[in-house]
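Student: What follows is each chain in one-letter form.
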Amino acid sequence: MFEVNCGVIIMDESVVQDVLGLYEENIDKLDISAKEKGALKKSLKDKYRDMYYDYGDAIGVIAAQSISEPATQTTLRSYHRAAGIGLNITQGLPRILEIFDARKAPVTPAMKIYLKKEFNTKIKAINIASSIKETNLKHIMVLDSLDLGNMTVEVELDKKLIDKLSIAPDKIVSAVKRKIKNLNGTIDGNKIIFEMNKDKVTVKDLQTLRFKLREVHVKGIKGITHCIVEKTGDDFVLYTLGSNLGKVSKIEGIDISRMVSNNIFEIADTVGIEAARTTIVSEITETLRAQGVDTDVRHLLLVADTMTQSGDIQAIGRYGLSGSKSSVLARANFEETIKHLVEAAVAGISDELNGIVENVMIGKTARVGTGLVEVAMKTQTSAKVDENNKK
Amino acid sequence: MVMIDKIKFKLISPKMIQKMSAILITTSEVYDADAYPVEGGVMDTRMGVIDPGIRCKTCGGRSGECQGHFGHIDLAKPVYNILYLKPIKTMLTYTCGSCGGLLVDKDKIKDDKTLNKLTVPKTCPVCNEPVEKIKFERPMSFKRGNHVITAEESREQFEKISDEDLKHLNFNGGRPEWMILTILPVPSITTRPSITLTSGERSEDDLTHKLVDIVRINQRLLNNLEIGAPEFILDDLWELLQYHIATYFNNEMTGVPPARHRSGRQLKTLSQRLKSKDGRFRNNLTGKRVNFSARTVISPDPMIGVNDVGIPEKIASELTIPIRGTKDNIDELKACILRGPDAKDGANYVIRPDGLKKKIIDMNKEYIMNEFSEGYILEKHISDGDIVLFNRQPSLHKMSLMAHRVKVLPHKTFRLNLTVCTPYNADFDGDEMNLHVPQTAEARAEAEQLMLVEKNIRSPRFGGPIIGGVQDFISGGYLITREGTVISKELAAQLLFKVGVVVDLKKEIYTGKELMSFILPKGLDVEYQANICKKCGTCKKEKCTHDAYVKVADGEMISGVIDQNAISPFKGRILDKIDLEFGHSEAVVFLERITRLATEYLMYRGFTISVSEEDVPQSVKDDINGFVDEHFVKVYALIDEFNKGKIEVQPGLTPEETLEGLILSELFEIVNKSQNLIAKEAKDNDAQIMAKTGARGSIQNLTFMAGIIGPETVQGHRIFRGYKDRTLPHYKRGDLSAEAHGFVRSCYKQGLSPTEFFFEAMKGREGIMDSSLKTRISGYMQRRLVNALQDILVARDHSARDSSGRIVQFVAGEDGIDPSKSDGGKLINV
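Protein chains in written order, with the working numbering: chain A, 1 to 391; chain B, 1 to 830.
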């Protein structure tokens, strides 16, 4: 992307074009001569160059401060309600912490699912929603009872619900059979009667069977407890509580390219680390924006890049980035001092003292910002030397 | 100067301990009858001196010169160094107990993680002896099968391990047998100084106490070994020695009772000295105390410059800057000396070229002045125009430490311009701030070029101004520029004089906008909607009936008013534009002028609020009561529906939750309607002006004072805690009505009923708990974030790299733009 020219770094033309897209779009509308257009382009380019970061800028610290300083202002226990009143999603400080801690699963995993054009109708959307939402036997039954005379369990189904969700009773029986072995189910109108293939069936057996039956998974995707259809603009959008990218993407009618989840690890596993990085950025941006905090994306990009640099998601903290630093002193300074010192002694590690805290500790100028350069002064003697050299 | 290039961490060998030791400790006696340190005791003066006047017996240095010397204890029997229990276990597990050979395939070991996954074979591949499993027994012993491995045995095993095998096991810090102590280094007395109390009693350091214990038990074990005491006595004593040495290294081990002081306090031993916030690392190595600093209460000064800080004379005559005498400045410096140490702009010390430091006092100032010549260094008081660093804690972002120019003033507080309150997050309810004086020319130049207040106007967080007019500056700006303000020539002259603008006033009468135009820089063009904008559908631009459309053309204010959106931090458009197009110093000039104009005009006009400002007409009160009644009916209808079980349950919620959600939104509707009504009906008084210009307060605050407070919520729900099925005994059990769960019908002016007050207090308490909890959590988050990212810098090629040179981003921030130089993060904002 860069070419180095006489020690001066010049950005590639394409990058300038990217940034100056505005110029390209609007240049024709302006009533100015070609010469002025050229001058305008040049001045924009110069302006761009003026806005570069300086060599040695501690962008890490600035990014960290830019995120955490406003975090002091965000509300602590705040829940945002996606899709009307239906779903509560963790927001505010807890959500930001969750992301930086790189917890394996968020407290409230959620998805936002768009549909393909052909499926973008209310009826089809509701249909798809019902095939996503986890449905267990307990959700679709009215009553389950023990028939002690025949030693069976009777389950009475909610006719309306079954029709609505289009679940055939025989499907239920097969689902149950897959889950619980040695069982026979016979359909009797609205009821399903389950009989155990066992010589001696006790009442206790029936009780345990009853509770097992309630939890049998009949339809939808496990872990997705809610799925709500909302109309936003022209689109019918499905909002879910619970997330399972792999399984949801296999359902027909879903626009995979616009499917979003807030479970970063799941995204890293199914779509890849780049997608996870993007999600980290967008999740933090949205959380901060909901709190009315204005933070430049560049800071978030840097944090997300450091978190995902190694190829998997590393937490911000002792078990993640801070614990895997190369400097012993920097690690010992952060947390678990003794552990790091002992490990270093056994392995015979040297600390090269490149980082900032290490230099603060030993009282040397840290190699950041102006610490990277030194002042050369032009005195009379040095000027003479220069002249002699020229000769 | 000698610079540390790198630090290598290794194990220390017994030989090395012997070599650096000045003395062998042999007795647990500390002081003799004359309170003199016993020779061969842990306070032996050969290990250094702390008392003034006494000379060290090893090096001859006095207290302060002698850094102290190690001693050592020869242990009667080897003991484990408990810090290394983990690596000791690894060594025991992966090497053979009889021959010391490596048990696992050396090619399969990559790092500690892969090593832990390797299975140990049943027999040793080198000597074919059977291998038994090693078990770690809490708190500090190992078992091979059923046999307890003594420290001596493990030492013997470790001695047999070859150097080559150690490398494969990732053990490069020395010999593994060094992890088992045969000789214990005793730190110097300077490391563990004893303090003499006022009563003349000596109080020893925790480490000394622990060392005495170790020596005593060691001596006893030694004696028992000599006399050939029975095995069980030796074992017991050895175990006791192991315990003392273990707690000497770490007194917080799980499963080991901590060693205690006579008073019952836990001893602070080696690990505790290094660990956590008050430990050596975080408290002494990364955090340092400095000279040339001051701290006092801050107070506001609207007339002081944005870049300035007012410093009390007393402080100014304590803080100094070293200045070398040259032929150009010698007269100035001599004048400083002559003014003496107590006067303003004087001097405190003179340093001769040979390094001798002389204190200037009134008695010798003439003499010193005559002696002073080129090459001498003068420690001169800070005086007007010097650069100092100013800081308010908590230092959450880089704008918490900025450079100011000194202005020495009478009285005893630091004075600062109100526009810098926002970056420091300062107010004047007793806040204190710190001041540091950079001592070298490089430091001063750096501070001035990079940290001066004006260089920090644009926050790197969002690329907008973080310094700007607040509170009175905004309401003053509004009052002066609003339609109808007429200013006579005399008043205009007076105001502009205070502002510091010299213009030829030709007209007899000026409008506020004309006055403002004198301040705005020529060539400024900006158009935007002011904060007072009513957000009516289509904008009539400069013909706005509320005068809310600001248009500035070539520095002339054509329409609109100055308010929050013009000069405030975060939002000030005019300030933003001036800073961007005319530069930081111009922005500071503008800020100083507009804030002075605003305050001067406010002082002329007067600005106050009173209780009567919160009066609303009876019709408004009736309307609000109407809203309450209207929505209460709806709430009762909802409760009725719920009781009959007819409520339409929302997906994913229980009927109760649905009801609560609906009731709450009904109740908030009352407040919303009242708020809109008050915004519309309230008189154009000072309270109203503050709210609508964004100077302070909001319409919601006014609604709470004049209209209605509405539902109180705790954790986002109506109040349900209290007694069984009810909040207070005033209500019936199971009452779901609004009043019974924290609806406040009154306003602050009218006063709250006892029940309302109680509910309000509940909500207030939640707010306090929340904010105290939040600072803790977000503080730790900040520490973690900064720690994880602190080494990332912009490299020469514009990439973002960490300290080991690894690239984090190919172009820092993806496009290389520094937000603090950009316009809201963009190249140009159109």
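Just so you know, the hints here were simulated from the structure itself, not pulled from any lab data. Any given hint might turn out to be false.
What the hints assert, rightly or not - Heads up, simulated DMTMM-like pairs for lysine to aspartate or glutamate below, C-alpha to C-alpha not over 20 Å straight-line:
{"id": "1", "chain 1": "B", "residue 1": "Lys268", "chain 2": "A", "residue 2": "Asp294"}
{"id": "2", "chain 1": "B", "residue 1": "Lys77", "chain 2": "B", "residue 2": "Asp236"}
{"id": "3", "chain 1": "B", "residue 1": "Lys86", "chain 2": "A", "residue 2": "Glu335"}
{"id": "4", "chain 1": "B", "residue 1": "Lys275", "chain 2": "A", "residue 2": "Glu336"}
{"id": "5", "chain 1": "B", "residue 1": "Lys10", "chain 2": "A", "residue 2": "Glu352"}
{"id": "6", "chain 1": "A", "residue 1": "Lys164", "chain 2": "B", "residue 2": "Glu648"}
{"id": "7", "chain 1": "B", "residue 1": "Lys344", "chain 2": "B", "residue 2": "Glu374"}
{"id": "8", "chain 1": "B", "residue 1": "Lys8", "chain 2": "A", "residue 2": "Glu343"}
{"id": "9", "chain 1": "B", "residue 1": "Lys275", "chain 2": "A", "residue 2": "Glu343"}
{"id": "10", "chain 1": "A", "residue 1": "Lys45", "chain 2": "B", "residue 2": "Asp547"}
{"id": "11", "chain 1": "A", "residue 1": "Lys171", "chain 2": "A", "residue 2": "Asp188"}
{"id": "12", "chain 1": "B", "residue 1": "Lys288", "chain 2": "A", "residue 2": "Glu335"}
{"id": "13", "chain 1": "A", "residue 1": "Lys339", "chain 2": "B", "residue 2": "Glu252"}
{"id": "14", "chain 1": "B", "residue 1": "Lys522", "chain 2": "B", "residue 2": "Asp554"}
{"id": "15", "chain 1": "B", "residue 1": "Lys314", "chain 2": "B", "residue 2": "Asp345"}
{"id": "16", "chain 1": "A", "residue 1": "Lys45", "chain 2": "B", "residue 2": "Asp236"}
{"id": "17", "chain 1": "B", "residue 1": "Lys543", "chain 2": "B", "residue 2": "Glu514"}
{"id": "18", "chain 1": "B", "residue 1": "Lys77", "chain 2": "B", "residue 2": "Glu231"}
{"id": "19", "chain 1": "B", "residue 1": "Lys268", "chain 2": "A", "residue 2": "Glu336"}
{"id": "20", "chain 1": "A", "residue 1": "Lys47", "chain 2": "B", "residue 2": "Asp345"}
{"id": "21", "chain 1": "B", "residue 1": "Lys826", "chain 2": "A", "residue 2": "Glu352"}
{"id": "22", "chain 1": "B", "residue 1": "Lys826", "chain 2": "A", "residue 2": "Asp54"}
{"id": "23", "chain 1": "B", "residue 1": "Lys10", "chain 2": "A", "residue 2": "Asp50"}
{"id": "24", "chain 1": "B", "residue 1": "Lys821", "chain 2": "A", "residue 2": "Asp294"}
{"id": "25", "chain 1": "A", "residue 1": "Lys45", "chain 2": "B", "residue 2": "Asp278"}
{"id": "26", "chain 1": "B", "residue 1": "Lys6", "chain 2": "A", "residue 2": "Glu343"}
{"id": "27", "chain 1": "A", "residue 1": "Lys47", "chain 2": "B", "residue 2": "Asp384"}
{"id": "28", "chain 1": "B", "residue 1": "Lys113", "chain 2": "A", "residue 2": "Glu343"}
{"id": "29", "chain 1": "A", "residue 1": "Lys181", "chain 2": "A", "residue 2": "Asp163"}
{"id": "30", "chain 1": "B", "residue 1": "Lys277", "chain 2": "A", "residue 2": "Glu336"}
{"id": "31", "chain 1": "A", "residue 1": "Lys47", "chain 2": "B", "residue 2": "Asp525"}
{"id": "32", "chain 1": "A", "residue 1": "Lys339", "chain 2": "B", "residue 2": "Asp278"}
{"id": "33", "chain 1": "B", "residue 1": "Lys821", "chain 2": "A", "residue 2": "Asp50"}
Said to hold, decoys possible - Derived DEER-like restraints, expressed as beta-carbon distance ranges:
{"id": "34", "chain 1": "B", "residue 1": "Gly626", "chain 2": "A", "residue 2": "Thr225", "range": "40 to 50 Å"}
{"id": "35", "chain 1": "B", "residue 1": "Gly779", "chain 2": "A", "residue 2": "Gly363", "range": "42 to 52 Å"}
{"id": "36", "chain 1": "A", "residue 1": "Lys198", "chain 2": "B", "residue 2": "Lys106", "range": "55 to 65 Å"}
{"id": "37", "chain 1": "A", "residue 1": "Thr225", "chain 2": "B", "residue 2": "Lys540", "range": "30 to 40 Å"}
{"id": "38", "chain 1": "A", "residue 1": "Glu274", "chain 2": "B", "residue 2": "Gln715", "range": "36 to 46 Å"}
{"id": "39", "chain 1": "A", "residue 1": "Lys35", "chain 2": "B", "residue 2": "Lys540", "range": "30 to 40 Å"}
{"id": "40", "chain 1": "A", "residue 1": "Glu274", "chain 2": "B", "residue 2": "Arg265", "range": "50 to 60 Å"}
Heads up, the beta-carbon is just placed ideally off N, CA and C, and yes, glycines get one too.
Student: Taking the hints in turn, state whether each one holds.
Tutor: For each hint, the structure was consulted:
Annotation: proposed proximity of Lys268 of chain B to Asp294 of chain A is violated, straight-line Cα distance about 46 Å (limit 20 Å). Proposed proximity of Lys77 of chain B and Asp236 of chain B is supported: the alpha carbons are some 12 Å apart, at most 20 Å. In summary, the hint linking Lys86 of chain B to Glu335 of chain A is supported, as the alpha carbons are separated by about 19 Å, within the 20 Å threshold. Distance hint between Lys275 of chain B and Glu336 of chain A is fulfilled; the C-alpha atoms sit about 8 Å from each other, no more than 20 Å.
Pair hint Lys10 of chain B plus Glu352 of chain A holds up; C-alpha atoms about 15 Å apart against a cutoff of 20 Å. Annotation: proposed proximity of Lys164 of chain A to Glu648 of chain B holds, straight-line Cα distance about 18 Å (limit 20 Å). A threshold of 20 Å between alpha carbons decides the hint, and for Lys344 of chain B with Glu374 of chain B the separation of about 23 Å lies outside it, so the pair is violated. At most 20 Å may separate the alpha-carbon atoms for a hinted pair to count; Lys8 of chain B and Glu343 of chain A meet this at roughly 12 Å.
For a cut-off of 20 Å, the pair hint linking Lys275 of chain B to Glu343 of chain A stands: about 15 Å separates their Cα positions. The suggested pairing of Lys45 of chain A with Asp547 of chain B is violated, with an alpha-carbon distance near 38 Å, which exceeds 20 Å. About 14 Å separates the Cα atoms of Lys171 of chain A and Asp188 of chain A, which keeps this hinted pair within 20 Å; it holds. Pair hint Lys288 of chain B plus Glu335 of chain A holds up; C-alpha atoms about 19 Å apart against a cutoff of 20 Å.
The suggested pairing of Lys339 of chain A with Glu252 of chain B holds, with an alpha-carbon distance near 13 Å, which does not exceed 20 Å. Proximity of Lys522 of chain B to Asp554 of chain B is assessed by CA-CA distance (about 5 Å); at most 20 Å being required, the pair is judged to hold. Distance restraint check for Lys314 of chain B and Asp345 of chain B: the Cα-Cα separation of roughly 11 Å lies within the 20 Å cut-off, and the hinted pair is therefore satisfied. Proposed proximity of Lys45 of chain A and Asp236 of chain B is contradicted: the alpha carbons are some 81 Å apart, above 20 Å.
For the suggested pair Lys543 of chain B and Glu514 of chain B, the alpha carbons sit about 18 Å apart, so the restraint of at most 20 Å is met. Only pairs whose Cα atoms come within 20 Å are accepted, and Lys77 of chain B paired with Glu231 of chain B is accepted, the gap being roughly 13 Å. In summary, the hint linking Lys268 of chain B to Glu336 of chain A is supported, as the alpha carbons are separated by about 17 Å, within the 20 Å threshold. Annotation: proposed proximity of Lys47 of chain A to Asp345 of chain B is violated, straight-line Cα distance about 44 Å (limit 20 Å).
For the hint pairing Lys826 of chain B with Glu352 of chain A, the CA-to-CA distance comes to about 39 Å; that exceeds 20 Å, so the pair is violated. Taking the CA atoms of Lys826 of chain B and Asp54 of chain A, the gap is about 17 Å. The hint holds against a cut of 20 Å. With a CA separation close to 48 Å, the supplied pair Lys10 of chain B and Asp50 of chain A exceeds the 20 Å bound. For the hint linking Lys821 of chain B to Asp294 of chain A, the alpha-carbon distance of about 16 Å falls within 20 Å, and the restraint holds.
At most 20 Å may separate the alpha-carbon atoms for a hinted pair to count; Lys45 of chain A and Asp278 of chain B exceed this at roughly 51 Å. For the proposed pair Lys6 of chain B and Glu343 of chain A, the alpha carbon gap of about 17 Å is at most 20 Å, so the pair holds. Only pairs whose Cα atoms come within 20 Å are accepted, and Lys47 of chain A paired with Asp384 of chain B is rejected, the gap being roughly 36 Å. This hinted pair checks out: Lys113 of chain B and Glu343 of chain A have alpha carbons roughly 13 Å apart, not beyond 20 Å.
Taken as a hint, the Lys181 of chain A and Asp163 of chain A pair is broken in the structure, with Cα atoms around 27 Å apart against an allowance of 20 Å. With a CA separation close to 11 Å, the supplied pair Lys277 of chain B and Glu336 of chain A stays within the 20 Å bound. Among the hinted pairs, Lys47 of chain A with Asp525 of chain B is consistent with the structure: their alpha-carbon atoms are about 19 Å apart, no more than 20 Å. Under the criterion of a C-alpha separation no larger than 20 Å, the hint pairing Lys339 of chain A with Asp278 of chain B is consistent with the structure, at around 17 Å.
Our distance criterion of 20 Å between C-alpha atoms is met by Lys821 of chain B and Asp50 of chain A, whose separation comes to about 8 Å. Here the CB-CB span from Gly626 of chain B to Thr225 of chain A is close to 42 Å, well matched to the stated 40 to 50 Å. Under the hint 42 to 52 Å, the C-beta atoms of Gly779 of chain B and Gly363 of chain A, about 27 Å apart, miss the expected range. Between Lys198 of chain A and Lys106 of chain B the C-beta distance comes to about 57 Å, which sits within the given range of 55 to 65 Å.
Checked against the hint of 30 to 40 Å, the C-beta distance between Thr225 of chain A and Lys540 of chain B comes to roughly 51 Å, which is inconsistent with it. Checked against the hint of 36 to 46 Å, the C-beta distance between Glu274 of chain A and Gln715 of chain B comes to roughly 38 Å, which is consistent with it. Range check, Lys35 of chain A to Lys540 of chain B: about 38 Å between beta-carbon atoms, so the 30 to 40 Å window is met. In this structure, Glu274 of chain A and Arg265 of chain B meet the distance hint of 50 to 60 Å, their C-beta atoms being roughly 55 Å apart.
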